[in-house]
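Colleague: Single-letter residue listing:
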Amino acid sequence: MTLLAARPRVTVAVFPGTWSERDFLHVAESVLGWEARLVWHTETDLREPDAVVLPGGFAHGDHLRTGAIARFSPIMRSVEAFAASGGPVVGSCNGFQILTEAGLLPGALTRNDHLEFRCDWQALRVEHPSASAAWLGDFADGDVISLPISHGEGRYVADPATLDQLEREGRVVLRYADADGRVVPDANPNGSERGIAGIVNAAGNVLGLMPHPERAAEDEVGGSDGLRMFRSLGRWLHRRPAAAERRL
Amino acid sequence: MRWLAEVHVALRPGIADPEGQTVGAALRSLGYASVSDVRSGKLLRIGFEADDHAAAEATVDEMCHRLLANPVMETATWDLRADEQIGADEALP
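Quick note, the sequences are listed as chains A and B, same order.
Using my numbering, the first residue of the first sequence is number 5, and each one after it goes up by one.
Using my numbering, the first residue of the second sequence is number 2, and each one after it goes up by one.
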């Protein structure tokens, strides 16, 4: 009974300049009825979370490079350890940039090819959702979803060998697409290599994506495809004995 | 002794540089028709202490690898000189 009552517990990391932490908090607490807490970047105690979120924004003013300074914040040592132990971690937008700078995900994100900041709804094609049971368990291969994007530096780059490896291992899980799910240059909002919008690590527990799932969790605000990532996580946590045991 | 490193960080050749391309287009539109390639970058002037030139060089190299440039997409080059050579108007605050 306690196991069924266990509510997922999410920790949202906050850096100076983060701006999406309240949206993640809202989705976790108000939409899903989960426990969520904000943890400041200078802290190292993640408060025994079931999952960790690195939200969007402009950590440390994006100075030097996006995520370059945030990756040295004390909280990142704990996030790295949590990820290494198999804990689910998602980095959205600036969070994705921090994950690449920290080396938790390969590649890097740099200035959009047209130099513009893009804030819009964006169609995305889901690929290889089985690569990340924790975050994408509720999706099917080829699903076309719509999520907001909001970034000036979202162009994913990596050397060809890394890109080939990601493709070979099925770790490219989101690509910018048109409404029919076709990955075509016109649908690419920032010039990302191979239309890449989201990737996972080899173990599948760390997901980085430029779009904002937390801004698409209620139909009242335009869509709820982002909520499916949270629901995937909720189901995955309930299937995982370790998470339930910790709560008993 | 004090040293001054001027570190130049730029996108790797092969990584599209939209800022450089835009500046290049602007220069051509001003009549500099021969401009064929512009790459943008970032200049960081870093004053610091080190025992000798070799130690200063090693420190700058380490700074670049740990923080200043992301090797996935950037290169870093630098000029290093002893602080005595810096004119008063150039001195760091």
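There could be a bad hint or two in this list.
Said to hold, decoys possible - Quick partial rundown of chain A residues pointing at chain B, CB under 8 Å, derived from the structure: (1) Asp66; (2) His67; (3) Glu105; (4) Gly111; (5) Ala112; (6) Arg115; (7) His118; (8) Val161; (9) Ala162; (10) Gly185; (11) Val187; (12) Ala191; (13) Arg198.
Said to hold, decoys possible - Some chain A residues flagged as far from chain B (calculated, every beta-carbon gap over 12 Å): (14) Leu68; (15) Thr70; (16) Arg75; (17) Glu84; (18) Phe86; (19) Ser89; (20) Ala137; (21) Gly195; (22) Glu197; (23) Asn205; (24) Gly238; (25) His242; (26) Arg244.
Calculated from the structure, these hints are not laboratory results.
Backbone N, C-alpha and C fix where the C-beta goes; we use that ideal spot for every residue, glycine too.
Colleague: Work down the list of hints and note, for each, if the structure agrees.
Modeller: Hint by hint, here is what the structure shows:
Contact between A/Asp66 and chain B, as hinted, is not supported at the beta carbon level, the nearest pair being about 13 Å apart and thus beyond 8 Å. A hinted interface residue such as A/His67 counts as satisfied when its beta carbon comes closer than 8 Å to some beta carbon of chain B; here the least separation is about 10 Å, so the hint is violated. About 7 Å separates the beta-carbon of A/Glu105 from the nearest beta-carbon of chain B, less than 8 Å, and the hint is met. Because the smallest distance between the Cβ of A/Gly111 and any Cβ of chain B comes to about 6 Å, under 8 Å, the interface hint for this residue holds.
Because the beta carbon of A/Ala112 sits about 4 Å from the nearest beta carbon in chain B, less than 8 Å, this interface hint is met. A hinted interface residue such as A/Arg115 counts as satisfied when its beta carbon comes closer than 8 Å to some beta carbon of chain B; here the least separation is about 6 Å, so the hint holds. Among the interface hints, the one on A/His118 holds; its C-beta lies about 7 Å from the nearest C-beta in chain B, closer than the 8 Å criterion. The restraint placing A/Val161 at the interface with chain B holds, with a minimum CB-CB distance near 5 Å, inside the 8 Å limit.
Because the beta carbon of A/Ala162 sits about 6 Å from the nearest beta carbon in chain B, less than 8 Å, this interface hint is met. Residue-level restraint check for A/Gly185 is violated (minimum Cβ-Cβ distance to chain B is 26 Å; threshold 8 Å). With a cut of 8 Å, the hint placing A/Val187 at the interface with chain B is violated, because the nearest CB-to-CB distance is about 19 Å. Annotation: interface hint on A/Ala191 violated; nearest CB of chain B at approximately 18 Å, more than 8 Å.
Contact between A/Arg198 and chain B, as hinted, is not supported at the beta carbon level, the nearest pair being about 14 Å apart and thus beyond 8 Å. For A/Leu68, the non-interface assignment is contradicted: its Cβ lies about 7 Å from the closest Cβ of chain B, within the 12 Å cut-off. At roughly 10 Å, the least C-beta separation between A/Thr70 and chain B is not larger than 12 Å, which violates its mark as non-interface. Chain B draws A/Arg75 into its interface by the beta-carbon criterion, the shortest separation being 9 Å against a cut-off of 12 Å.
The claim that A/Glu84 lies off the interface holds: its Cβ sits roughly 16 Å from the closest Cβ of chain B, which is beyond the 12 Å cut-off. With a closest Cβ-Cβ approach of about 23 Å to chain B, A/Phe86 is found to remain outside the 12 Å limit, as its non-interface label requires. With a cut of 12 Å on Cβ distances, A/Ser89 stays outside the contact zone with chain B, its closest approach being about 25 Å. Its beta-carbon lying about 28 Å from the closest one in chain B, A/Ala137 satisfies the requirement of being farther than 12 Å from that chain.
For A/Gly195, the condition that its CB be more than 12 Å from all CB atoms of chain B is violated, with the nearest at approximately 7 Å. For A/Glu197, the condition that its CB be more than 12 Å from all CB atoms of chain B is violated, with the nearest at approximately 10 Å. Listed as outside the interface, A/Asn205 is consistent with that label: its C-beta sits roughly 15 Å from the nearest C-beta of chain B, beyond the 12 Å cut-off. Look at A/Gly238: its CB is around 34 Å from the nearest CB on chain B, clear of 12 Å, so calling it non-interface holds up.
Distance check on A/His242: its Cβ is at least 37 Å (rounded) from any Cβ of chain B, clearing the 12 Å threshold; non-interface status holds. No beta-carbon of chain B comes within 12 Å of the beta-carbon of A/Arg244; the shortest separation is about 33 Å.
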